[in-house]
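S.K.: Chains A, B, C and D, in that order, give the protein sequences.
Here my numbering is used: the first residue of the first sequence is 326, the next is one more, and so on.
Here my numbering is used: the first residue of the second sequence is 2, the next is one more, and so on.
Here my numbering is used: the first residue of the third sequence is 2, the next is one more, and so on.
Here my numbering is used: the first residue of the fourth sequence is 113, the next is one more, and so on.
Source of the hints: derived by calculation from the structure; they are not laboratory data.
Be careful, since some hints might not be right.
Here are the simulated lysine-lysine pairs, DSSO-like style, with alpha carbons at most 30 Å apart [as the list claims (entries may be wrong)]: (1) A/K715 - C/K202; (2) C/K186 - A/K715; (3) A/K602 - A/K457; (4) C/K186 - A/K465; (5) C/K202 - D/K244; (6) A/K397 - A/K602; (7) A/K720 - C/K202; (8) C/K13 - D/K327; (9) D/K291 - B/K231; (10) A/K720 - D/K291; (11) A/K720 - C/K13; (12) A/K455 - A/K465; (13) D/K327 - B/K211; (14) D/K440 - A/K465; (15) A/K463 - C/K202; (16) D/K244 - B/K238; (17) D/K440 - C/K13; (18) C/K202 - A/K465; (19) D/K327 - A/K602; (20) D/K327 - A/K457; (21) D/K327 - A/K455; (22) A/K662 - C/K186; (23) D/K244 - A/K397; (24) C/K202 - D/K327.
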Amino acid sequence: MNDVVLEVRNLRKEFRGVVALDDISFEVRRHEVVGLIGENGAGKSTLLKILSGVYQPDGGEILRMGQTVSFKTAGDSAAAGIGMVHQEQSLVTSVSVAENIFLGEEGRGVRGGVFRWGELRRMAQAQLDKIKSPILPKAKVESLTFAERQMVELAKALSVEERAENEPVIVLDEPTSVLEGDELEVLFEQIERLRKFASIIFVSHRLDEVLRISDRVYVFKDGQQVAVRNRNEVDTDELHRLMVGRESTSEFYHEGAQLSVEGNPVLLEVSGLSKHKAFEDVSFALRAGEVVGIAGVLGSGREELSRVLFGAEPFSSGTIELDGRGLPLRSPVEAVKVGIGYIPAERRIEGVAQGMSVQENIFLADPSTVSRGPFLDARKAAAEADRWVKGLKIKTPNRQTDVANLSGGNQQKVVLAKWLSSPRLRVLILDHPTRGLDVGAKEDVYRFIRELCARGIGVVLLADTLEETIALSHTILVMRDGVVQNRFDAHPGNKPKPVDLVEGMV
Amino acid sequence: SSASDEQNVPGGGAESTGEVALVQGIRSLSNSYHANWAEGGDLFGASIGQDVVVLSDEGDSQKQLSLVKGLAAKGQVFALNIDPNTSSDTEAIVRAVTEAGGYVVTQWNKPADLNPWDVSDNWVAHISFDGTGSGTEVSQALFDDMGGEGGIIAIQGILDNVPAKQRFAGLQAALEANPGIELLDDQTANWSRTEALAVTQTLLAKHGDKVKGVWAANDEMALGALEALKAAGLAGKIPVIGFDAVPQALEEIQSGENRYVATVSTDPWWQGAAGLSLAYQAASGAIDVSKLTHEQRAFYAQQTVVTTENVTDFLAAPSAEAIQVDIDDPFARIVSAIN
Amino acid sequence: MATRWLGDSSLKDRLIAALPLIVLIALVAVVSAQQPNFLGMSNVRGLLEGLAPILLLAIGQTFVILTGGIDLSFAVVSSLSTVLLALWLPEIGPVAVVLVPLITLGTGLLTGIVVAVAQVPSFIVTLGAMGLWSGVALTLSSASTIRISEGYQAIGWITDMRIAGLPVSALIAIALAVIAAVAFKTLSRGRTLHAMGLAEKALLMSGNSTRMIRIAAFGMCGLFSGLAGLVLASSQYSGGPTLGDTLMLPAIAAVVIGGNAITGGVGGPMKTLVGALIIIVLRVGLSAIGVPAAYEQIVYGAIIVGAVVLTIDRSRLGIVK
Amino acid sequence: MSRSDLVSSAPGVDLRKIQRLFGTGGPLVALVVLVAFFSLASSTFFTLGNGSSLLTQLSILLVVAIGLTFVIILGSLDLSIEGVMASSSLVFVLLAANDRNDSDLGFLAVIAGVLTGSLFGLLNGVLHVHLKIPSFMVTLGTGAIGIGIATVLFGGRAPRLMDDSLRDLGFGSLGGIPKLAIIAVIVLTIALLVQRFTRVGRYGYAIGGDEQVMKLSGVNINRYKVLSFVLTGTASGIAGVMAALQLGVGDVTIGGGYLFTAITAVVLGGTALVGGIGGVGRTLVGAAIITVLANGLILIGVNPYVQVAVQGLVIVLAVAVTGWSLRKRVRAIK
Ligand SMILES: Nc1ncnc2c1ncn2[C@@H]1O[C@H](COP(=O)(O)OP(=O)(O)OP(=O)(O)O)[C@@H](O)[C@H]1O
Ligand SMILES: Nc1ncnc2c1ncn2[C@@H]1O[C@H](COP(=O)(O)OP(=O)(O)OP(=O)(O)O)[C@@H](O)[C@H]1O
Ligand SMILES: [Mg+2]
Ligand SMILES: [Mg+2]
């Protein structure tokens with residue numbers, strides 16, 4: 326069985342009270358791409374973190390090339406030729422791209438403890454060239470956008486191939502969740518190239534992707550391995566069933582539930598909005614119950630636009646009106662006061678308040694529903710929190726758990742709950758709301774978006790995929806280089822095709 | 002013992018244990034002035050065959066006060082000879098001692114309008130030194146050395162400190178008497194050698210060769226200034242004076258090479274020994290505080306301007322015999338009543 | 002089985018939380034073993050009188066430290082407030098007792114505004130404020146101690162009044178700590194300061210005015226500095242431009258040694274209370290058990306470190322800076 | 113937006129180098145403004161005499177602050193500086209020719225003094241890292257210990273340094289430049305190189321920037337944290353010896369006042385207390401600002417009480433004004 330390059334047997338991991346992995350067995354064969362899917366909190370990242378020496382298992386063993394090994398630190402695992410792209414970004418923003426790519430593994434870049442910058446930059450450039458990225462090795466990571474950082478993460482993982490003496494294993498935990506169009510293609514090209522001499526573990530919640538590039542797919546559920554399938558013997562529906570435990574609803578996006586907004590009053594009116602070096606002369610109206618989707622690739626300016634609408638960044642000219650009244654928006658404070666909510670892409674820092682409990686996070690924006698005067702109504706708060714945890718299927722030991730201990734997807738659900746729990750909410754700005762959510766959860770989110778609309782709340786949506794954008798939106802703006810190229814009416818019935826959007830995007 | 006400190010009978014604790022505890026309160030042992038003071042106290046302790054406890058507050062008024070209050074814990078009458086950190090601490094200290102039924106002699110710092118007889122017999126006396134007088138004297142020594150001509154720079158102590166102010170007042174008095182001398186500049190260096198060095202350097206740069214003499218409110222700073230002079234190659238050309246008679250200053254005066262003209266000695270050994278002795282005699286009942294005169298309870302004690310003539314008398318700690326006279330009669334060195 | 006785990010961990014948590022208290026008790030035990038009267042009425046009273054100003058300063062500092070900032074000017078502000086009292090009590094009498102804390106509240110708010118609006122690190126701003134306010138205090142008092150005789154009765158009670166033989170100053174300070182702690186627990190936004198220290202950006206992105214929160218925290222610190230000033234002036238019968246300065250490090254140490262995270266987000270006034278008690282016992286205890294003055298600093302330093310080893314709750318601190 | 117300045121960040125090297133070294137112009141501007149102001153306000157400010165006194169006053173502060181930079185970059189703090197300086201100054205003087213004992217180790221004494229500092233640094237680092245105590249508290253404690261040890265060594269009377277060749281380092285000068293300043297420059301150069309080209313230096317930034325992430329990369333964080341503390345301790349040791357050379361004595365209070373001045377210098381220069389950002393070069397600017405300010409205020413004869421106040425105000429203004437344009441809406445300030 327020397328064909329197996331990496332194997333785990335009966336792996337077990339508990340976090341004070343939570344069983345994250347329960348008797349997991351898993352193997353990676355030479356030069357194959359192994360897909361790993363499972364609902365949020367199924368234990369995927371935990372397994373991968375054990376493989377990369379971040380966590381220590383509570384039971385079971387890891388075999389590398391048939392030899393039992395134990396990875397005390399991330400260094401050990403890297404030395405054994407295992408490279409990892411973490412789900413939550415793991416770059417040090419205060420230092421350069423080059424340093425990040427080789428952090429702790431500078432190789433030729435450091436001689437006798439002395440940094441040779443020229444060499445290090447050349448090495449980094451080589452890695453970046455692999456993924457055709459224009460990013461400069463000397464650039465500070467903090468100056469990069471979220472997705473650009475993801476590319477650096479990728480370059481970092483790819484650098485393992487040189488390091489590993491033989492049979493490198495490259496582990497990618499949801500690398501595609503922030504990538505779009507071109508970037509995705511680059512990634513898949515790389516995987517194709519790598520598989521010639523390396524093995525790859527690939528986690529994604531986009532089942533079609535998984536099927537497209539994996540040879541075998543493992544399905545995790547509640548910390549257990551519930552199925553292994555070869556690519557040729559499954560389809561996405563079956564994967565979905567294995568994962569969620571029920572048939573995928575025929576009508577994933579609940580398009581049927583999309584109500585017409587004809588004649589609804591205009592909530593948010595944006596006219597001639599410009600931000601220096603970001604976007605120009607953007608105008609649109611958002612009606613009660615309407616979803617305005619904004620499509621565009623990186624640098625299209627849509628991220629900046631969404632932040633400006635929330636007051637998180639100043640704008641240079643134009644007006645933003647709510648119910649026909651102009652908004653000062655000097656900070657998010659004013660935005661939230663008038664009922665604008667925002668789900669940021671930067672979940673770890675701007676989304677959840679790490680270190681605070683799930684409950685505290687849920688009522689961070691608007692505790693009014695659970696307060697009696699200035700005081701907290703503890704019983705009500707507890708009940709409400711539990712209701713949200715149940716309603717959004719947030720996987721957490723209890724409402725007191727530190728939100729930092731939740732799986733990525735579940736953290737996202739907590740952020741969602743934070744806004745949904747506010748009766749003040751009039752407009753919700755969603756920047757990649759389903760990023761990192763499993764299909765089941767995605768479906769829930771779509772359902773919630775429909776319900777919001779039904780409640781007459783307006784939604785500005787920066788979706789993960791074009792399909793999502795098209796399916797959920799009433800109106801679609803397509804942006805390129807900070808300018809709105811096209812507008813599509815996407816009411817039920819006359820939805821545009823992805824290709825229609827793409828031509829405006831690139 | 003709690004009964005006895007509820008109604009505070011002076012010496013109420015005395016019944017509990019016979020012996021009187023001997024306590025010195027100083028800033029810290031990390032400066033030679035207070036080290037010598039503590040040494041003097043030990044000499045007294047030895048003379049009656051008892052150990053002396055040293056409370057050092059590290060310049061922290063609140064700590065000093067807590068320490069004094071802590072003395073009550075011993076449930077024993079105590080005799081305390083203390084240098085209050087600042088004059089704002091004095092009243093709190095003496096009241097705390099009164100409440101604990103101990104006996105205290107304070108030195109240097111006290112609010113002008115507060116006197117032992119206003120407070121209680123547990124505050125035996127306050128001893129201080131007329132900085133103005135000595136300030137005038139030692140300044141005169143500096144001016145004489147300069148030949149009564151030229152400009153000087155003055156380095157002041159911590160600004161809200163009474164002796165610091167008196168000493169500067171002394172300087173100004175001396176300036177009145179010496180029209181030939183001009184005060185070019187005065188700056189504080191907070192009693193610190195390091196700061197004094199920096200300040201002196203700057204003032205030298207500012208006033209150049211107009212500077213003919215350096216006046217410092219204590220020896221630490223004078224020695225700092227001296228280093229600045231050395232660096233500028235002016236050591237030995239420009240005379241320096243200070244206060245407190247710390248060992249290194251005395252050695253400088255003795256060697257004379259750097260023209261360290263004079264300092265003022267309040268005789269810290271005496272302050273330690275006589276002060277503690279006075280408190281002890283009150284505590285042990287040897288003297289009846291209520292019968293002491295106002296002059297005996299708040300007086301300026303002798304201090305000496307030290308120059309090459311008399312420096313040898315101040316170089317080392319006094320012998321046990323030498324100090325015995327002051328132990329027997331703590332009032333021997335009274336110069337005058339305070340105010 | 003999961004429940005078993007929960008049971009254990011929460012027990013462990015409770016133990017960790019109790020450690021500062023255990024350390025305190027241990028210290029007291031050691032000292033009173035050497036010094037039976039240490040827990041005697043008169044000495045306890047002495048300790049508590051010493052506790053009051055440090056505790057007040059430390060509580061104020063806790064508000065700021067929870068937000069992840071620090072206020073280095075607080076001790077100097079308390080000195081300034083004693084000077085103001087000394088100058089005003091004879092003039093306006095009891096009014097000064099109300100006015101002065103309000104003024105220090107103002108200085109605190111001012112600091113907060115500079116930090117929040119100009120977005121300058123609190124360390125720098127308050128370092129500057131330290132210089133500024135002590136300059137002001139020196140000038141107002143023309144650098145000398147001002148004895149308070151006329152109008153003293155307006156603050157005299159703070160030192161003289163006793164309840165069950167215990168000084169009212171300390172009792173008030175402790176009461177304030179408890180009130181603050183209860184407020185943190187029961188107010189619906191009671192955990193906002195913690196959120197500031199843990200995740201400022203997330204807090205702002207949830208529409209909380211991090212600016213206002215920060216300003217308020219510094220305001221509280223200023224207010225408490227003023228209260229500490231009242232106690233100091235009362236126990237010293239005077240105002241002095243440097244009266245409270247030396248309490249700066251002890252008060253900050255009290256906050257941290259009680260188990261509050263210096264990086265913010267973790268802790269509360271009750272931890273501070275225990276920390277302040279530990280510091281007080283240390284300051285007096287060492288000489289009480291007869292540690293020679295020359296070695297006191299060494300022992301003090303060693304015990305500080307030793308105590309923190311036990312009192313810091315690492316499981317909640319995350320990264321230790 | 114970000115992509116464009118990424119691609120275009122190649123040219124304009126010189127300016128970038130200066131920035132990388134001395135930080136984003138701000139503090140540098142403040143320094144220039146102060147120098148300009150004092151040169152106009154006082155005829156003596158820009159003279160050779162004052163120049164060399166500025167240099168001497170800068171040198172020791174600079175060395176302390178440089179050392180401190182290494183731990184502040186980690187996001188940690190070292191409050192033990194004054195205690196360490198006290199101990200190392202006494203160790204040094206008591207081992208060199210002095211008026212207390214008859215030892216005369218000459219330059220070896222210097223080494224011993226410096227190593228005393230390194231040892232304290234090691235102690236700080238080990239306690240902080242391995243017992244997981246906030247550096248703030250560890251160093252508060254060890255600082256007291258340092259003062260304590262110094263007090264014991266001091267034994268009631270400051271020992272004098274009698275070795276003339278060593279003393280000359282204290283106040284001698286080489287071609288008009290004080291020897292102390294030359295020492296400081298050497299320390300500065302070494303520190304710059306260490307920070308730019310060694311693992312301690314580089315990883316310091318990464319650890320301060322995001323320690324959690326640093327863990328994921330498998331670097332042995334603890335080692336480099338401890339090393340940083342050793343660097344700081346060593347610098348304090350050097351500073352202690354320098355101070356002893358300058359004053360000609362070993363003294364318990366010899367480090368008095370350096371702690372806060374040094375922290376101010378570091379932060380004023382633009383090194384963030386939260387860690388990750390800054391550098392030794394910026395500290396030079398910060399220390400210079402402080403020294404110029406103190407010196408200048410005396411020259412133009414500002415009343416001593418007011419001096420403290422003015423210094424405070426200028427420090428805040430310098431940082432606030434120079435950083436005004438950098439304000440962001442969503443930002444953790446601390
Ligand atoms: N550090 C931790 N402390 C406590 N619990 C944890 C920790 N890390 C993970 N868990 C728990 O372990 C379970 C598995 O988490 P994991 O991150 O592996 O899920 P996942 O499969 O990666 O989900 P997602 O698709 O959302 O990333 C979750 O219930 C999570 O709450
Ligand atoms: N309540 C608040 N909480 C947190 N940050 C805020 C708050 N209000 C404003 N800010 C941010 O603090 C900074 C300074 O406040 P100011 O009132 O100048 O905002 P601003 O006018 O948008 O700033 P600018 O004039 O630079 O655009 C601004 O960037 C602002 O976005
Ligand atoms: Mg995951
Ligand atoms: Mg503005």
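S.K.: Which numbered hints does this structure break?
M.R.: 4, 6, 10, 13, 16, 17 and 19
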